[in-house]
Amino acid sequence: MVKKVVSSLGGLLLLFPAMAFASEPTPTSVLLGVNLLWVMVAAILVILMQGGFILLEAGSTRMKNAGHVAGKTIFTVGLGSLIYWAVGYGIAFGENGNLFIGLGDFFYTPSMTITDDVVPSSLFWVFQCAFAVISLSIAWGGFAERAKLSSYLIFTIVFVGFIYPVVAHWIWGGGFLAEDGAQDFAGSTVVHLSGAMAALAATILLKPRIGKYNKDGSANQILGHNQVFTALAVLLLWVGWFGFNAGSALGVDDGFFGFVAFNTQLGAAAGAVAAMLITWIVLGKADITTMLNGALAGLVAITASCAFVDPWAAVVIGLVAGVFVFFSMKFFEKMKIDDPIFALSVHGAAGVLGTLANGLFATPELVAYNGVGKAGLFYGGGWEQLWVQFLSVVVCGAFVFIVSFIVLAIIKSVMGFRVSEEQEIIGLDLSEHGAYGYPEQMKKGTNLNA
Amino acid sequence: MRDSAREKLLNRIGSADGYPELRRLRDQAHERMESLLSSMPVEQFYTAINEIHDALIRRVLILTESDMARQGNGSPPVPYAYLLFGSGGREEQTLSSDQDSGIVYEDPPQEEELEQVRDYFAKYGELTVENLQKVGYPPCEGNVISSNRLWCDSLSAWKSKLDGWFDRAEFEEVRYLLIVADGRRVYGEESLFTSYKDHFFSDTLAKPRIVKRMLDNTMRHKVLLGLFGQLLKEQYGEQAGSVDIKYGAYIPMVNAIRMMAIQSGVRSTSTLQRIEELEAAGAVTEEQSSALQDAFRSFLRFRLMTMKQDEDGLYSSNGMLSRQKLDKTLTEQLKQGLRVGKRLQRSVSRRVTGKLR
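Residue numbers (the numbering used here), protein chains in the order written: chain A, 1 to 450; chain B, 1 to 357.
Honestly, the hints are just simulated from the structure, not real lab data. Hints may contain errors.
[To be verified] Which chain B residues stay away from chain A? Per the calculated CB distances, all over 10 Å, these:
no., residue
1, Tyr19
2, Arg24
3, Asp107
4, Glu111
5, Gln230
6, Gln235
7, Gln239
8, Lys328
[Said to hold, decoys possible] Partial list, derived from the structure: chain B residues whose beta carbon lies under 10 Å from chain A:
no., residue
9, Ala5
10, Lys8
11, Leu9
12, Phe228
13, Glu234
Cβ coordinates follow ideal geometry from the N, Cα and C atoms, glycine included.
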């Protein structure tokens, strides 16, 4: 037995000679290592959430677009990562910035190892990049089933290179909203509202899908082709969200990440339950799609507040988000805004709700612990924090919407934003990529243009 | 329509000698009835319109008999009865109604003749359905129709068929049995029909299992009233915002009352009459009976408001009441009726399962 241990240690030393010279592990260095490991795991979880978006978007749309919808997510995650490395990160967190924009650290080269007992810049970048491309994938909800592939390419560059990093800088990178004390723990505003506002600009410019509205203004239901995908998507996102929220604690040594995870679970659960019940009550039938969106809305809403509120408030926030998302879906439909993946309601409406919730429910203890902003209205903090939260929503929302709208309007007028009617009817799988995601099932579909 | 005018029209229908003429008379009748729609009490209206339908169908049957003879098939070899099911059976046809029908004929005295008799009625059924289409009655989508061999049979065959349905009691068979419960003779031999119905009623009550299955089938359509008493409207499509009167108000109530009628051995087929007889039999109180009748009358009226389309010259309705027609008063009235309907569904459900225990 002893022999075995000695020989395997010898083998390890041969493979990793540095092990022999490393300084003795101290409790501090072990803790740091565990912290970093958790951030890495969290980053991986957030990147895995893209799998959720692939299933969500594909499941909520029609078969003829499935390959395109799924494939373009991977493509834009790739492109977005490169852009974030080249430009985006420097604008969000660059060292030579001001209150409005960060500068420096373009084509970022991180330090090789830890310098001063904080998250190494390489790991921080991976984590932040994962968030940036999540916001991007949310925006695609507004593009679904009718935007040209080329518009995805160009918008990825602008969104990840400029729009998203600016908002991230304002709230997380020492910008003016950070100075004001805006609380957005893991990104209800930065990630979700930003994505949703870009989706809103896109869906307004693209106009509704063919067949969504009748001449008399009534809406048709365009059902997604696979509800099982959509449900699995929600589960993937739900699990990934622990990386998103609890990962944003950036460590484990104080155990606070557990509290964040705790609130996250409650928010998601309450959202799912509330949404199912509200459709049951209002429509007489319990609607699966709305319930799934309710779970996501609960997650989006609790994202800003998970580190700032008590568990009971997390439940309230989730419940309200679940009900709110249902009425929001109805509202956008009535406004003739076709939102195939319900991004506007799930990420936009719930993102606003979650950010504002801090202004009501943030407790003095948790605010002190996090060191950001003040307590909420219900905890004697007065209206101040609510106002700051409101301001951050309005400013960030307006900024993203306006810039996205301008960029997409330029795309629309210069090279065209929407595919032709024929292409839309045949499906983007064929028109943009030349092959169906479901070749066997879609064979008949080739006659659609006849 | 004043009685004398109606008599005159009915007489003209009774002596019409071709399908185009019947079609014209039907159109005339419809025009008159439509103008009376708002002023006439709803029951009277339904009675009048069903009298006209019955007269038209009878005339088509007589003309078809002569068509058969002219084509060399002779006259009916044995007595028969022509049955109406569905809304026709319940005397609740609107201006637009499809054909739900069946034929029961006497067993021929000689076994050998059966083939020939069967052939005659198969042809006769088919021809009748065709001719009724000429007068503007679309065939039944569910294929409950006299041209379907399943619904055109001799009395003894019918009896064994009913026995089989009672025995198997799968979804489809239960549906058939509930359809038979609404059957009414519109033409032909009354005694044949009585014997047919006797068979149905003697078997129904003896088998608790079938009653439970009937209940499940009967409760399939829910009253369109939400938890907070709000109307549940169509969410999508051209009909968004309208209320499905047929399947969300009228049919649930028809079904529930039919269920009670079957259980109490009440044989009439019209829903209002069933309610009255249920009251007489002590199955519902006088107060309940009048609430049920009021609710059902309002549904009948709403149902009349759903008609408009005229596809390929055939009268039909999708049973939807559009949001434009639903003003505040009508919405309140509809909700009031639906509340009665919902209570009824609940009490029938309790009553039936309670009796079974």
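Hint-by-hint comparison with the structure:
no., hint, result
1, Tyr19, "holds, 37 Å"
2, Arg24, "holds, 34 Å"
3, Asp107, "holds, 49 Å"
4, Glu111, "holds, 53 Å"
5, Gln230, "violated, 7 Å"
6, Gln235, "violated, 7 Å"
7, Gln239, "violated, 8 Å"
8, Lys328, "holds, 20 Å"
9, Ala5, "violated, 39 Å"
10, Lys8, "violated, 42 Å"
11, Leu9, "violated, 38 Å"
12, Phe228, "holds, 7 Å"
13, Glu234, "holds, 9 Å"
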